[in-house]
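Construct all of the structure, not just a fragment, from the sequences and the given hints.
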Amino acid sequence: MNTTDHAQDGSADEVAGIVLDQFERLLAQHLSPHVLAACDGAVGGAAWPADLWRALADSGLPLALVPEAADGIGLEASTAARLIRRCGQAALPLPLPETIVGAALWAAAGGGALDGALTLVPAGSPVRITQRADGFVLDGRTAQVPWGGSVAVLLVDAIDAAGVRHLVRIRAPGTVRDTRHNLAGEPRDALDLTGCAVAAADVRTVPDWIVEGGVGSVAAAGAFARAQQMVGAMETCLASALDHVRERQQFGRPLAKFQAIQHMLAEAAGHVAAATASADLAAACWGDPRFVLATAIAKARCGEAAGHVAEICHQLHGAMGFTQEHPLHRATRRLWSWRDEFGSDALWQEWIGRAVCAGGGAALWPMLVRLRAGAG
Amino acid sequence: MQSFRFSAEKLPAEAEAARAAVRAFLDSEVEAARFVPHRTSWTTFDAAFSRRAGAAGFIGLTMPEAYGGHACSGLVRFVVTEEMLAAGAPCGAHWIADRQSGPQILRHGTESAKRAILPRICRGECAFGIGMSEPNSGSDLAAVRTRAVRDGDDWVINGSKIWTTNAHQVDYLLALVRTGEPGPDRHGGLTQFIIDMAAPGVTVRPILDLSGHHEFNEVFFTDYRVPDAMMVGVEGAGWELVTEELAFERSGPDRFLSDYRLLVELVDRIGPEPDRFQAVETGRMVAQLTALLGMSASVARLLDQGIVPGVEAALVKDVGNSFERAVPEIARRLVPVEPSLTAQGEAFREALGGVTLRAPSFTLRGGTREVLRGVIARGLGLR
Numbered sequence: 001m002n003t004t005d006h007a008q009d010g011s012a013d014e015v016a017g018i019v020l021d022q023f024e025r026l027l028a029q030h031l032s033p034h035v036l037a038a039c040d041g042a043v044g045g046a047a048w049p050a051d052l053w054r055a056l057a058d059s060g061l062p063l064a065l066v067p068e069a070a071d072g073i074g075l076e077a078s079t080a081a082r083l084i085r086r087c088g089q090a091a092l093p094l095p096l097p098e099t100i101v102g103a104a105l106w107a108a109a110g111g112g113a114l115d116g117a118l119t120l121v122p123a124g125s126p127v128r129i130t131q132r133a134d135g136f137v138l139d140g141r142t143a144q145v146p147w148g149g150s151v152a153v154l155l156v157d158a159i160d161a162a163g164v165r166h167l168v169r170i171r172a173p174g175t176v177r178d179t180r181h182n183l184a185g186e187p188r189d190a191l192d193l194t195g196c197a198v199a200a201a202d203v204r205t206v207p208d209w210i211v212e213g214g215v216g217s218v219a220a221a222g223a224f225a226r227a228q229q230m231v232g233a234m235e236t237c238l239a240s241a242l243d244h245v246r247e248r249q250q251f252g253r254p255l256a257k258f259q260a261i262q263h264m265l266a267e268a269a270g271h272v273a274a275a276t277a278s279a280d281l282a283a284a285c286w287g288d289p290r291f292v293l294a295t296a297i298a299k300a301r302c303g304e305a306a307g308h309v310a311e312i313c314h315q316l317h318g319a320m321g322f323t324q325e326h327p328l329h330r331a332t333r334r335l336w337s338w339r340d341e342f343g344s345d346a347l348w349q350e351w352i353g354r355a356v357c358a359g360g361g362a363a364l365w366p367m368l369v370r371l372r373a374g375a376g
Numbered sequence: 001m002q003s004f005r006f007s008a009e010k011l012p013a014e015a016e017a018a019r020a021a022v023r024a025f026l027d028s029e030v031e032a033a034r035f036v037p038h039r040t041s042w043t044t045f046d047a048a049f050s051r052r053a054g055a056a057g058f059i060g061l062t063m064p065e066a067y068g069g070h071a072c073s074g075l076v077r078f079v080v081t082e083e084m085l086a087a088g089a090p091c092g093a094h095w096i097a098d099r100q101s102g103p104q105i106l107r108h109g110t111e112s113a114k115r116a117i118l119p120r121i122c123r124g125e126c127a128f129g130i131g132m133s134e135p136n137s138g139s140d141l142a143a144v145r146t147r148a149v150r151d152g153d154d155w156v157i158n159g160s161k162i163w164t165t166n167a168h169q170v171d172y173l174l175a176l177v178r179t180g181e182p183g184p185d186r187h188g189g190l191t192q193f194i195i196d197m198a199a200p201g202v203t204v205r206p207i208l209d210l211s212g213h214h215e216f217n218e219v220f221f222t223d224y225r226v227p228d229a230m231m232v233g234v235e236g237a238g239w240e241l242v243t244e245e246l247a248f249e250r251s252g253p254d255r256f257l258s259d260y261r262l263l264v265e266l267v268d269r270i271g272p273e274p275d276r277f278q279a280v281e282t283g284r285m286v287a288q289l290t291a292l293l294g295m296s297a298s299v300a301r302l303l304d305q306g307i308v309p310g311v312e313a314a315l316v317k318d319v320g321n322s323f324e325r326a327v328p329e330i331a332r333r334l335v336p337v338e339p340s341l342t343a344q345g346e347a348f349r350e351a352l353g354g355v356t357l358r359a360p361s362f363t364l365r366g367g368t369r370e371v372l373r374g375v376i377a378r379g380l381g382l383r
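Chains as they are written, first to last, in the working numbering: chain X, 1 to 376; chain U, 1 to 383.
Don't read these hints as lab results, they were simulated from the structure.
Remember, predicted model here, so these are calculated numbers, not experimental data.
It is possible that some hints are incorrect.
Taking lysine to any residue and the SDA-like style, the derived pairs with C-alpha atoms no more than 20 Å apart in a straight line are [stated by the list, open to error]:
hint, chain 1, residue 1, chain 2, residue 2
1, X, K257, U, G374
2, U, K10, X, W365
3, U, K10, U, I307
4, U, K10, X, G287
5, U, K10, X, L368
6, X, K257, U, R378
7, U, K10, X, D288
8, X, K257, U, D185
9, U, K10, U, S73
10, U, K10, X, S78
11, U, K10, X, M367
12, X, K257, U, G381
13, U, K10, X, A373
14, U, K114, U, A198
15, X, K257, U, V311
16, U, K10, X, P366
17, X, K257, U, S73
18, U, K10, X, K257
Taking CB as the label site, the calculated pair distances span [as the list claims (entries may be wrong)]:
hint, chain 1, residue 1, chain 2, residue 2, range
19, U, R383, X, T323, 50 to 58 Å
20, X, G359, U, D185, 37 to 45 Å
21, X, S32, U, E9, 33 to 41 Å
22, U, A71, X, G112, 51 to 59 Å
23, U, A142, X, G360, 43 to 51 Å
24, U, A32, X, R370, 49 to 57 Å
25, X, K257, U, V30, 27 to 35 Å
Reference excerpt, derived from the structure (chain U facing chain X, CB under 8 Å, subset only) [what the hints assert, rightly or not]:
hint, residue
26, A86
27, V149
28, R150
29, G152
30, S160
31, E265
32, I270
33, A287
34, D318
A virtual CB, placed ideally from N, CA and C, is assigned to each residue, including glycine.
Spelled out as structure tokens, the structure:
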């Protein structure tokens, strides 16, 4: 690495530090336990924390991963990933992760500037797109769209009659058929896109680097975001468990002093560390042709870790952690939801496994090397 | 907030250049049928292979040129190491010397020991064994009782070491022995010595492992004389030295690639059209392995910068061993065969048989899973 690179790193680190600090201040100012409860659909909450979203939007954070040339902040993907992890740690009840990756995907597709909160439409039943004289029209029903009824913009992968995928921006979302929630009480809405008209400027070619093996670009971007969020939520679980076992006394000493407890935490820490490493790799591959494979690996590894970490940390918290009064559930209910959103770990494992088997044993090692090599 | 940072920076160009070179060397070895990948692993002792690897410049990569090394970064060594492992190369005659004994002598040995031993290690002509465990001191290393007593410019050693891999074939042991009282923390009074296995006063008793294979030994010292110059570090500093040695020992890719060739044979045996169960489980293993490679390279990068990331290093071994321990158990469920060491060249069955018999050692050697979890717990602030 030469000195110029160092200088660039230095300024990139500086910007990253400023942005992360700013995010901390906004969270401290706006994200109280009261707000979290008011947004939790599992206990009847239905709030959209408008003040918090406005503050986030004013700060430019939703455009963290959009290049400066496209009027974004132009953060390194590794830094944007840290922002998304922080969302996961804090159980932020807003689609900021979706907006960060969606806006960057739209910019990468050469789309124009985006305004407002954005969501990613998961690949469920396919959305069809047909060209008309005055633009395009969509056809399809979607389910489990994060905050689908509250956002200004939806991004969806739509397939035309020739089977070609297009990245489509929807600025006038269709009818909300139904409002439901995931296990964490986050809105997951069903939308009817039938007859939804979109202008030519809202239909883009999917960038090359995010097309692989039948995976849609929006699904890959969503899986990337959820993997990073899971790392954050697992960090919260682990930190909470560490605090709890140091404070909680049983049989005359802190739980932390029991070897059985220590080994449980060591095992949880191993899962968090491996999940972190896989999510770091995916972030390092943002924008290059390894992205889909690296994201598949991250979603698979983080999803597998999520179940173990949630189980171990609940066991360590005892009955206290099984209540609404203790905040552990904000992290664990999200882990149980996020691991299955945008493709469960099993689905991504299957996708990876099919690719590996198709390539044969001799091709596996070169693949593992290429994933870590310096294309980024 | 407890978080782990595993930098995903790309490897330097010199490391990728070394990768091409070591691959060419390994390809030529396999082509010449000098080893059969699914039958060997990094513990397989093959002195001729190690001499060829040394001659080709793949041993002592981080050693200074003055001692016959190649003065490369730890990341170059990391790449060469993982390529050796991925190829299933028989590295047992140089692995320990290259991984830990050589670097330990370089950091703490006397000048005469460095000059006498390091160039031979770099040439792949000098094998080392680890002299830590004793019959009554396994995981509890501080309970070492083998004793060295000063006599003029020499030390006289009496006692024994056990589980000493390849003691019957190595040139030296790097042994931890008692030279003083343990003190209140039990960590005092220990010193490391280089033991010349050809000198009088050392005898070796073979211990066959569960498969009937001879790698283990018990080593007895009877009035064995070792000169002062073969002491490593200062008298009584042995505990700190082995702790450092273990940090280097525990975070490498040998902690999760011991049975990589079984994974390769499994993929080939499944073929290009896996059923869903086979695809899911193969994908799960590959995702786990990718994460481990990232963790291990990241620790290598930190070690290279002089940082010893204790918890992350211990995590690599614990997570890594659990992975390599699970591979044969998963493989046997994906392809129903009867494992055998004599399957007449049926590679998957032979690989599965060999790994099944070796796998219990994965979570024992270099610190048991239970010891490692204690190290991690200490790093998490629980002890």
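For each hint, the structure was consulted:
no.: 1; hint: K257/X / G374/U; verdict: 11 Å, holds
no.: 2; hint: K10/U / W365/X; verdict: 17 Å, holds
no.: 3; hint: K10/U / I307/U; verdict: 19 Å, holds
no.: 4; hint: K10/U / G287/X; verdict: 15 Å, holds
no.: 5; hint: K10/U / L368/X; verdict: 13 Å, holds
no.: 6; hint: K257/X / R378/U; verdict: 11 Å, holds
no.: 7; hint: K10/U / D288/X; verdict: 13 Å, holds
no.: 8; hint: K257/X / D185/U; verdict: 19 Å, holds
no.: 9; hint: K10/U / S73/U; verdict: 14 Å, holds
no.: 10; hint: K10/U / S78/X; verdict: 13 Å, holds
no.: 11; hint: K10/U / M367/X; verdict: 15 Å, holds
no.: 12; hint: K257/X / G381/U; verdict: 10 Å, holds
no.: 13; hint: K10/U / A373/X; verdict: 6 Å, holds
no.: 14; hint: K114/U / A198/U; verdict: 18 Å, holds
no.: 15; hint: K257/X / V311/U; verdict: 18 Å, holds
no.: 16; hint: K10/U / P366/X; verdict: 15 Å, holds
no.: 17; hint: K257/X / S73/U; verdict: 40 Å, violated
no.: 18; hint: K10/U / K257/X; verdict: 40 Å, violated
no.: 19; hint: R383/U / T323/X: 50 to 58 Å; verdict: 29 Å, violated
no.: 20; hint: G359/X / D185/U: 37 to 45 Å; verdict: 53 Å, violated
no.: 21; hint: S32/X / E9/U: 33 to 41 Å; verdict: 38 Å, holds
no.: 22; hint: A71/U / G112/X: 51 to 59 Å; verdict: 53 Å, holds
no.: 23; hint: A142/U / G360/X: 43 to 51 Å; verdict: 49 Å, holds
no.: 24; hint: A32/U / R370/X: 49 to 57 Å; verdict: 27 Å, violated
no.: 25; hint: K257/X / V30/U: 27 to 35 Å; verdict: 52 Å, violated
no.: 26; hint: A86; verdict: 5 Å, holds
no.: 27; hint: V149; verdict: 37 Å, violated
no.: 28; hint: R150; verdict: 39 Å, violated
no.: 29; hint: G152; verdict: 46 Å, violated
no.: 30; hint: S160; verdict: 30 Å, violated
no.: 31; hint: E265; verdict: 6 Å, holds
no.: 32; hint: I270; verdict: 5 Å, holds
no.: 33; hint: A287; verdict: 4 Å, holds
no.: 34; hint: D318; verdict: 5 Å, holds
The structure does not agree with the numbered hints 17, 18, 19, 20, 24, 25, 27, 28, 29, 30 stated previously, though it agrees with the rest.
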